[in-house]
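Protein chains in written order, with our numbering: chain A, 1 to 312; chain B, 1 to 189.
Derived by calculation from the structure, the hints in this document are not laboratory data.
Check the hints yourself; a few may be wrong.
As the list claims (entries may be wrong) - Computed footprint of chain A on chain B, listed as stretches where at least three residues anywhere in the stretch have a Cβ under 8 Å from a Cβ of chain A:
id : stretch
1  : 89-100
2  : 125-131
Said to hold, decoys possible - Far from chain A, by Cβ distances over 10 Å, these chain B residues were calculated:
id : residue
3  : 13
4  : 19
5  : 22
6  : 36
7  : 37
8  : 61
9  : 78
10 : 134
11 : 149
12 : 151
13 : 164
14 : 175
15 : 179
We put the CB at the ideal spot given by N, CA and C, even for glycine.
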Amino acid sequence: MGTGLKRKDLLGTRDLSPEEIGLILDTAISMKEIASRDIKKVPTLRGKTIINLFYEPSTRTRTSFEIAGKWMSADVINISTSSSSVVKGETLKDTGLTLQAMHPDVVVIRHSAAGAPQILAGLLKASVINAGDGAHEHPTQALLDLFTIREKRGTLAGLKVAIVGDILHSRVARSNIFAMQKMGMQVRVCGPATMLPRYMDRLGVEVFSRIEPAIADVDIIMMLRIQLERQGGGLFPTLREYSKLFGLNLDRLKAAKQDVLIMHPGPINRGVEISPEVADGPYSLILNQVENGVAIRMAVLYLLAGGQAAAN
Amino acid sequence: MPGGPMSQRREKAQILDAAGITRAITRIAHEIVERNNGVQDIVLVGLRSRGVDLAHRIAVKLEEIEGTKVPVGALDITLYRDDLGKAETQPVVRRTEIPFAINDKKVVLVDDVLYTGRSCRAAMDALMDLGRPRLLQLAVLVDRGHRELPIRADYVGKNMPTSHQEQVQVLLTEEDGVDRVVILEETAD
Numbered sequence: 001m002g003t004g005l006k007r008k009d010l011l012g013t014r015d016l017s018p019e020e021i022g023l024i025l026d027t028a029i030s031m032k033e034i035a036s037r038d039i040k041k042v043p044t045l046r047g048k049t050i051i052n053l054f055y056e057p058s059t060r061t062r063t064s065f066e067i068a069g070k071w072m073s074a075d076v077i078n079i080s081t082s083s084s085s086v087v088k089g090e091t092l093k094d095t096g097l098t099l100q101a102m103h104p105d106v107v108v109i110r111h112s113a114a115g116a117p118q119i120l121a122g123l124l125k126a127s128v129i130n131a132g133d134g135a136h137e138h139p140t141q142a143l144l145d146l147f148t149i150r151e152k153r154g155t156l157a158g159l160k161v162a163i164v165g166d167i168l169h170s171r172v173a174r175s176n177i178f179a180m181q182k183m184g185m186q187v188r189v190c191g192p193a194t195m196l197p198r199y200m201d202r203l204g205v206e207v208f209s210r211i212e213p214a215i216a217d218v219d220i221i222m223m224l225r226i227q228l229e230r231q232g233g234g235l236f237p238t239l240r241e242y243s244k245l246f247g248l249n250l251d252r253l254k255a256a257k258q259d260v261l262i263m264h265p266g267p268i269n270r271g272v273e274i275s276p277e278v279a280d281g282p283y284s285l286i287l288n289q290v291e292n293g294v295a296i297r298m299a300v301l302y303l304l305a306g307g308q309a310a311a312n
Numbered sequence: 001m002p003g004g005p006m007s008q009r010r011e012k013a014q015i016l017d018a019a020g021i022t023r024a025i026t027r028i029a030h031e032i033v034e035r036n037n038g039v040q041d042i043v044l045v046g047l048r049s050r051g052v053d054l055a056h057r058i059a060v061k062l063e064e065i066e067g068t069k070v071p072v073g074a075l076d077i078t079l080y081r082d083d084l085g086k087a088e089t090q091p092v093v094r095r096t097e098i099p100f101a102i103n104d105k106k107v108v109l110v111d112d113v114l115y116t117g118r119s120c121r122a123a124m125d126a127l128m129d130l131g132r133p134r135l136l137q138l139a140v141l142v143d144r145g146h147r148e149l150p151i152r153a154d155y156v157g158k159n160m161p162t163s164h165q166e167q168v169q170v171l172l173t174e175e176d177g178v179d180r181v182v183i184l185e186e187t188a189d
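In isolation and in its complexed conformation, chain A is listed as follows (with noise of 0.2 Å):
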């Protein structure tokens, strides 16, 4: 009965079939039961081991990920760089191999190099899932979308999204990008020309360069946050201007559906690409795709470590 994911590593939502996310988005329906429950926990990964390998910062991503193993009775480590052998020049192969000594179940790895995942993947025997790599992927952020997404609409084929701010930086955008066109929906970009890539016309996305046509009609927008850390300058004049251009205010709504959700991944520059009465407004989902984010990393880790799926 059933089968679990054909995979050892999850690093994309690019190579994913549309039943392979159709099963980690049911899985989680069951997985968000867990989280009403006074005893908020069990027993399906008891004896395993998974290990937070964070090399960037991250508060809802990494706790995420902490909660959802332990909710399922895995023990879970974390590893910052800050205070680990990384800062004595240990390359990932090395730290990567440490690590499999160790007989790790689960590594999930967040690099600021894209494609950082996949060497490691083919280093460990553990399976790897990418909980961001660069500007590249990030796919468990793209699945808690969908299921937040398909838990207010009931579906997700047909539906419209514009996501607007830096795509240039954005594995977010990345990796929504890739499933949500594979699970039928439409999706257009809009930022300012500095930061869309180009020939992003090739992936099947339709492309805006104002914020008011680009939200007109969506059933979705999806905000990106200005990543200060990753501006090497000079991409838009002054964050003032960004806002006054690309930021999505109560006033620019009106141009929108009356139901329209918005969508964030955080951390939000508040009063830069959403302002704080949007951003905590009835239409926001900010907070469902938090709280979302443990329940389809409790999917993924079952998917991949609870079963003969994993492993071999």
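Given chain A, work out where chain B should sit, using these hints.
Leaving out everything else, chain B in the frame of chain A:
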């Protein structure tokens, strides 16, 4: 795929027909009433998936007998199984839906077939994580023997000695379009 091709199975015997299933459910309902002096504080929790259908049918009978609606919940035991990682394919996790508190209730677990007892063990663990029932009873449509744990059913529709090579298949209209219980045996292929 490891483990070779699936072996063929053919029907050896029918052990319950539609009327037989109905009679068994009626009897189980009466026994629940008798043993508990009515249905005060009784709740039924079916194991996914056919146990849930049976629990609903028992609830209908209990209402006919006692005139009281008995709450019915659904329990998925996948996350509590002791054979995760051993089974050839990974089981799909389904939803646990128990929309009432089980604290201080008399909970009757309902399953279709009692075999090794391992599902029942998992169900008990799962239930205890949801609360502290006053007592726990077990109702099954078929007890086929071969227990591997010290577990016994309180209400049994039909006792049916079987061999390990055989398989007991419960078909219910809700899932399968027909009501019958059959024994399947392996055929040399």
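Output the numbers, in ascending order, of every earlier hint that fails for this structure.
-> Structure breaks hint 9 only.
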